[in-house]
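Q: The chain contents come next:
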Amino acid sequence: MRHPAPRLALSAAALVFACAATAAEDYVLTIKDHQFTPAELEVPAGQKFKLTVKNEDASPEEFESKTLKKEKIVPAKKQIVMPMGPLEPGSYDFVGEFHEATAKGRLIAK
Amino acid sequence: MLATAIIVFREVIEAALVISIVMAASRGVARRGLWVWGGVGLGLVGSCVVAAFADRLAEAAAGVGQELFNAAILFTAVGMLGWHNVWMRRHGRELAMEMKQVGQAVLSGTRPLYALGLVVGLAVLREGSEVVLFLYGIATGGEGGTGAMLLGGAVGLGLGAAVGLAMYFGLLRVPTRHLFAVTSGLILFLAAGLASQGAACLVDADWLPPLGRAVWNTSDLLSEDSLAGQVLHTLVGYVSRPDGVQIVFYLATLVIIASLMRRFGDKPGRSASS
Ligand SMILES: [Cu+2]
Numbered sequence: 001m002r003h004p005a006p007r008l009a010l011s012a013a014a015l016v017f018a019c020a021a022t023a024a025e026d027y028v029l030t031i032k033d034h035q036f037t038p039a040e041l042e043v044p045a046g047q048k049f050k051l052t053v054k055n056e057d058a059s060p061e062e063f064e065s066k067t068l069k070k071e072k073i074v075p076a077k078k079q080i081v082m083p084m085g086p087l088e089p090g091s092y093d094f095v096g097e098f099h100e101a102t103a104k105g106r107l108i109a110k
Numbered sequence: 111m112l113a114t115a116i117i118v119f120r121e122v123i124e125a126a127l128v129i130s131i132v133m134a135a136s137r138g139v140a141r142r143g144l145w146v147w148g149g150v151g152l153g154l155v156g157s158c159v160v161a162a163f164a165d166r167l168a169e170a171a172a173g174v175g176q177e178l179f180n181a182a183i184l185f186t187a188v189g190m191l192g193w194h195n196v197w198m199r200r201h202g203r204e205l206a207m208e209m210k211q212v213g214q215a216v217l218s219g220t221r222p223l224y225a226l227g228l229v230v231g232l233a234v235l236r237e238g239s240e241v242v243l244f245l246y247g248i249a250t251g252g253e254g255g256t257g258a259m260l261l262g263g264a265v266g267l268g269l270g271a272a273v274g275l276a277m278y279f280g281l282l283r284v285p286t287r288h289l290f291a292v293t294s295g296l297i298l299f300l301a302a303g304l305a306s307q308g309a310a311c312l313v314d315a316d317w318l319p320p321l322g323r324a325v326w327n328t329s330d331l332l333s334e335d336s337l338a339g340q341v342l343h344t345l346v347g348y349v350s351r352p353d354g355v356q357i358v359f360y361l362a363t364l365v366i367i368a369s370l371m372r373r374f375g376d377k378p379g380r381s382a383s384s
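Protein chains in written order, with our numbering: chain A, 1 to 110; chain B, 111 to 384.
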């Protein structure tokens, strides 16, 4: 479901709501059945952006990444937004700490 | 079960180290147990409350409520630790004398024990709310079974407490006349480390500029995931990839508390006569 098209739609929406001072683009991760979708997400290097994590499971999760230095609870059936970056080019692993065995993913900054 | 034990251990160890230092720092003070364990109890109750309201907290302050809440906890603890240190510097000498002369029963009331109790409570609150959420998440997720989860949680708690106890009994081997100096030093670094963590929370909330990401990177050498890294992280605020602003907060806290201790700590008139 989450492919470049909705991201384009999001940027369009961001243009419409241009009054919002931030020009940061939004990137979305979804947690379902203790797994992240997409498992690999490409994000821009060298600029700020916002990462939204949606939790569609019935239990809370903790988005955790040592390399990104983030540790944030995502309550059940809720979403959180994290200001991120600017990141150096490279890949950044993250896990859902409460279900580390299945909830794994990585951001790829290009 | 193993995963549960490891995660609970990771959270408990931070609080356990703080409690052990506080217990050592307040050695010989009457009724410290009441304050310290009262702080632990309130911290546990608070953890459950925070976990129950995690949704609201996550949504508060335009989505950065969690970060601001953590920063507030951390900086409050820094303030309390600093206050304790200045106070101890001022009264430590008398305290050491009183301990011999007057006995311990009189030593209560004015001692900044509430500050230490609060520090303990905040440490438990911060780590405890994660544990509560985690255990709740596993319980509702239904994987592994509740029995295994409880066992894992108990093992993690036990191991964390063991590290705290080892630290405490290690400190007790320090002779009494040096103990205040040693615990003051530990508390100074503890406070600086908490301030640097608080700064990181404010960076996460986009309230502070990072002033340079990962000024150095020693994660290959010593990762905060390792036991040693975690212990050093708690005790002296070790960070393998610090933001510039974390270093600024760390050094500023060291300098500010140390100079407050010098400036207000010594009472020339009294100490000369005693
Ligand atoms: Cu923690």
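No lab work stands behind these hints, which were simulated from the structure alone. Please note: incorrect hints may appear among the correct ones.
These stretches of chain A come out as covered by chain B in the derived footprint (C-beta under 8 Å, 3 or more residues) [as the list claims (entries may be wrong)]:
hint: 1; stretch: 26–32
hint: 2; stretch: 35–43
hint: 3; stretch: 93–106
Distance ranges between label pairs, derived from CB positions [unchecked claim]:
hint: 4; chain 1: B; residue 1: R141; chain 2: A; residue 2: T102; range: 44 to 54 Å
hint: 5; chain 1: B; residue 1: L260; chain 2: A; residue 2: P44; range: 41 to 51 Å
hint: 6; chain 1: A; residue 1: A39; chain 2: B; residue 2: G138; range: 25 to 35 Å
hint: 7; chain 1: B; residue 1: S329; chain 2: A; residue 2: K32; range: 25 to 35 Å
Using N, Cα and C, we set each Cβ at its ideal position, and we do this for glycine too.
Q: May I ask you to test the hint 25 to 35 Å on the CB atoms belonging to B/S329 and A/K32?
A: holds, 31 Å
Q: Taking 8 Å as the C-beta cutoff, is the stated coverage of the stretch 26–32 of chain A by chain B satisfied by three or more residues?
A: violated (count 0)
Q: Can the stretch 35–43 of chain A be counted as covered by chain B under the rule of three residues or more with Cβ-Cβ separation shorter than 8 Å?
A: Answer violated; 0 residues pass the 8 Å Cβ test.
Q: May I ask you to test the hint 25 to 35 Å on the CB atoms belonging to A/A39 and B/G138?
A: violated, 56 Å
Q: Please count how many residues of the stretch 93–106 of chain A have a CB within 8 Å of a CB from chain B and say whether that reaches 3.
A: It holds, with 5 qualifying residues against the three required.
Q: Could one say that the CB atoms of B/R141 and A/T102 fall in the range 44 to 54 Å?
A: holds, 49 Å
Q: B/L260 and A/P44, beta-carbon distance inside 41 to 51 Å?
A: Given about 45 Å between the Cβ atoms, the range holds.
Of the hints listed earlier, those the structure fails to meet are numbers 1, 2, 6, in rising order.
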